[in-house]
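Add chains B and C to chain A, keeping to what the hints say.
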Amino acid sequence: MAKVIGAVVIDTARCKGCELCVVACPTDVLALQPKEVNDRGYHFAYTANPDACIGCASCATVCPDACFTVYRQVIK
Amino acid sequence: MNTQDIIKPENLVASRPRLFTDAITHYCPGCSHGVVHRLVAELIDEMGLTDRTVGIAPVGCAVFAYNYIDVDWVEAAHGRAPAVATAISRLNPENFVFTYQGDGDLSAIGCAETIHAANRGENIVIIFINNAIYGMTGGQMAPTTLLGMKTATCPYGRREDLNGYPLPISNLLAQLDGTCYVTRQAVHTPAAVRTAKKALKHAIENALAKRGTSVVEFVSTCNSGWKMTPAQANDWMAEHMFAKYPLGDLKNRQD
Amino acid sequence: MKGNEAIAHAAIRYGFDGYFGYPITPQSEVLETLEAEMPWETTGMVVLQAESEVAAINMVYGGAAAGKAVMTSSSSPGVSLKQEGISYIAAAELPALIVNVMRGGPGLGTIQPSQADYFQATKGGGHGDYHLIVLSPATVQEMADFVGLGMDLAFKYRTPAMILADGIVGQMMEKIVLPPFRPRRTDEEVRRQCPWAATGRHGRDHRNVITSLEMDSPKMEENNLRFQRTYAEIEANEVRFQEYFTDDAEYLIVAFGSVARICLKAIEDAREKGCKIGMLRPITLWPFPKKEIERLSAQVKGILTVELNAGQMIEDVRLAAHDAVPVFHFGRMGGVIPNPNEITDALLSHFPDAKA
Chain A
8 MAKVIGAVVI DTARCKGCEL CVVACPTDVL ALQPKEVNDR GYHFAYTANP
58 DACIGCASCA TVCPDACFTV YRQVIK
Chain B
94 MNTQDIIKPE NLVASRPRLF TDAITHYCPG CSHGVVHRLV AELIDEMGLT
144 DRTVGIAPVG CAVFAYNYID VDWVEAAHGR APAVATAISR LNPENFVFTY
194 QGDGDLSAIG CAETIHAANR GENIVIIFIN NAIYGMTGGQ MAPTTLLGMK
244 TATCPYGRRE DLNGYPLPIS NLLAQLDGTC YVTRQAVHTP AAVRTAKKAL
294 KHAIENALAK RGTSVVEFVS TCNSGWKMTP AQANDWMAEH MFAKYPLGDL
344 KNRQD
Chain C
72 MKGNEAIAHA AIRYGFDGYF GYPITPQSEV LETLEAEMPW ETTGMVVLQA
122 ESEVAAINMV YGGAAAGKAV MTSSSSPGVS LKQEGISYIA AAELPALIVN
172 VMRGGPGLGT IQPSQADYFQ ATKGGGHGDY HLIVLSPATV QEMADFVGLG
222 MDLAFKYRTP AMILADGIVG QMMEKIVLPP FRPRRTDEEV RRQCPWAATG
272 RHGRDHRNVI TSLEMDSPKM EENNLRFQRT YAEIEANEVR FQEYFTDDAE
322 YLIVAFGSVA RICLKAIEDA REKGCKIGML RPITLWPFPK KEIERLSAQV
372 KGILTVELNA GQMIEDVRLA AHDAVPVFHF GRMGGVIPNP NEITDALLSH
422 FPDAKA
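Same order as they appear, the protein sequences are chains A, B and C.
With our numbering applied, the first sequence corresponds to residues 8 to 83, in that order.
With our numbering applied, the second sequence corresponds to residues 94 to 348, in that order.
With our numbering applied, the third sequence corresponds to residues 72 to 427, in that order.
Simulated from the structure, these hints should not be mistaken for lab results.
None of these values were measured; they are calculated from a predicted model.
The beta-carbon is built from N, C-alpha and C at its ideal position, and this holds for glycine as well.
One thing to keep in mind: the hints can contain errors.
[To be verified] Taking lysine-lysine and the DSBU-like style, the derived pairs with C-alpha atoms no more than 30 Å apart in a straight line are:
1. C:K73 with C:K336
2. C:K362 with C:K194
3. C:K372 with C:K426
4. B:K320 with A:K42
5. C:K344 with C:K426
6. B:K291 with A:K10
7. B:K320 with B:K337
8. B:K291 with B:K337
9. A:K10 with B:K101
10. A:K83 with B:K101
11. C:K372 with C:K347
12. C:K344 with C:K194
[As the list claims (entries may be wrong)] Simulated DEER-style distance windows between Cβ atoms:
13. B:R252 with C:Q264: 54 to 64 Å
14. B:E139 with C:R253: 33 to 43 Å
15. C:R275 with B:D115: 17 to 27 Å
16. A:T34 with B:S108: 13 to 23 Å
17. C:R275 with B:L255: 20 to 30 Å
18. C:R300 with B:D115: 53 to 63 Å
19. C:L284 with B:G141: 24 to 34 Å
20. C:R253 with B:K101: 36 to 46 Å
21. A:P57 with B:E139: 53 to 63 Å
22. B:D342 with A:D35: 49 to 59 Å
23. B:R252 with C:A307: 52 to 62 Å
The shape of chain A in the complex, shown without the other chains (with noise of 0.2 Å):
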């Protein structure tokens, strides 16, 4: 069976943390990074489970700042 399989990059200098693609995310693959903040002190959108990404580019869909760079690939 056909299996779909996604990656996501983010532009974490851009990313301001509002977490609108975390909710969109239907997979979870995305989470916001709980510590780390970029140089405009933003906890960024982060992969936390990039395994689970189906490349639905939902997350990049959803984004107002444009931050994401999504993938996909049907191996069969």
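Here is chains B and C on its own, set in the frame of chain A:
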């Protein structure tokens, strides 16, 4: 297969719009403006309009829109964007001209300019961000503020006896013969964003086909002004804003 | 033809791209004439009756931002409404032409002629440190001629110009020679002449942004200093005026616009009786002919300004004369126009020695 292994150009499904500049926006975390900006930038690029687009920026939070999308812009006085757009569209009819306005700019100080541009059927797209509050000046009441909603200038909650009623300006614009398309959209979920993009594309097609004025209202959040987290603001919007400003097409004339 | 009609015809012939206006007496003939001429079918000029003066001036702002030759016209109360847009046009360094056919004020005032908007026109008018190039026509011929001159100067300095006319010259009928037809610039010519304009990028490697906003104070100060350099250049190059009988004048009248013509009649009558009176008529009210007044104040014994207001230009005349000679004002207001005898009487009352 490792997820890192699929990071290659042929697998790309989403990325930063090519027409976005490198600037980091001044918008608050979670602000709806950023998503709408992205839709505008993507569509101008995808529809091949980069060379003939002129955007009209408002006064309000989106005043710096011209710093973020790499097309020609004119920054208008507060509320006057539809008048500015009228002249540019008439003088350069081959241009794609859009205004990008908030609820204060469009429905308060610029109400006359908006209604008359729409009534003349100017071949422009009016992008209307309705978050029911004045964001830039610090959270004051807007014409679209809901009854009972607290703002800096109605700290007791908007009262109809003191402040009048929320203004459903898009319904009013839909009544005018000059508008061909009036729609209400939101960008709070991936599905809503995809629907909104189709709506905005249709509006742009109308302008290019000289069908008259298209208005795309984005019912939006202002989590800072509403004093909520971005996620809470989205939920609050779905629960309260959509009751007064229901999503969907108010008018879609196809001729 | 009427002065107002002359403006409309001159605008079409100059190759204006757009006119945006709102009816108000005593200048509605400008818009009416343009609508009757239908230049969109001949030259392609856009003519639009806006929903308000505010909208009209912002349409001018938009058109100017696109590098087009655009104008509006109105009368005093309407020009007050336009001040917001005029300030933005000046601040965004855009060329545009604004016509004010003045009527009596303040408030709704009267529809009769006046020159009471001198301060508003020459000192900026709206908020912020800016100037308009202000041209003052005294004849219907000048109404026509200043349309092209005003727009040329506006393009040259990328700053708005104003024709400050009054109801007399707007409504007066005189025989004139209209300027020759010039074709409107092509889009390519506009982009070449105005590389800064928001035309759409058309292959440009960068976006053009027209804005008056600058949040960084040092940069905003630099913008202001640049505006002031432009104004200094205009003051150095563009002062226009006309002198009458100043060679041997012992007393000087300073008057602008249609009133200068009444003064000229008064001077001619007085000269027949041997009174050596001369006149300086500023054609540019800003930049003001300071040096010429300074020069003449060394020659004459007194100056009378004659204006259809309570005394506005007199302040600039006094500043230019440096108190070298006494400067008095004579004016009528509310739409009342003085006759030549009143002007002579006023001059003699202040300067009894002027009597031959």
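Evaluation of the provided hints:
no.	hint	verdict
1	C:K73 with C:K336	21 Å, holds
2	C:K362 with C:K194	18 Å, holds
3	C:K372 with C:K426	13 Å, holds
4	B:K320 with A:K42	23 Å, holds
5	C:K344 with C:K426	8 Å, holds
6	B:K291 with A:K10	29 Å, holds
7	B:K320 with B:K337	20 Å, holds
8	B:K291 with B:K337	23 Å, holds
9	A:K10 with B:K101	18 Å, holds
10	A:K83 with B:K101	18 Å, holds
11	C:K372 with C:K347	11 Å, holds
12	C:K344 with C:K194	39 Å, violated
13	B:R252 with C:Q264: 54 to 64 Å	55 Å, holds
14	B:E139 with C:R253: 33 to 43 Å	41 Å, holds
15	C:R275 with B:D115: 17 to 27 Å	18 Å, holds
16	A:T34 with B:S108: 13 to 23 Å	20 Å, holds
17	C:R275 with B:L255: 20 to 30 Å	51 Å, violated
18	C:R300 with B:D115: 53 to 63 Å	32 Å, violated
19	C:L284 with B:G141: 24 to 34 Å	30 Å, holds
20	C:R253 with B:K101: 36 to 46 Å	59 Å, violated
21	A:P57 with B:E139: 53 to 63 Å	29 Å, violated
22	B:D342 with A:D35: 49 to 59 Å	34 Å, violated
23	B:R252 with C:A307: 52 to 62 Å	60 Å, holds
Violated hints, in rising order: 12, 17, 18, 20, 21 and 22; the structure is consistent with all others.
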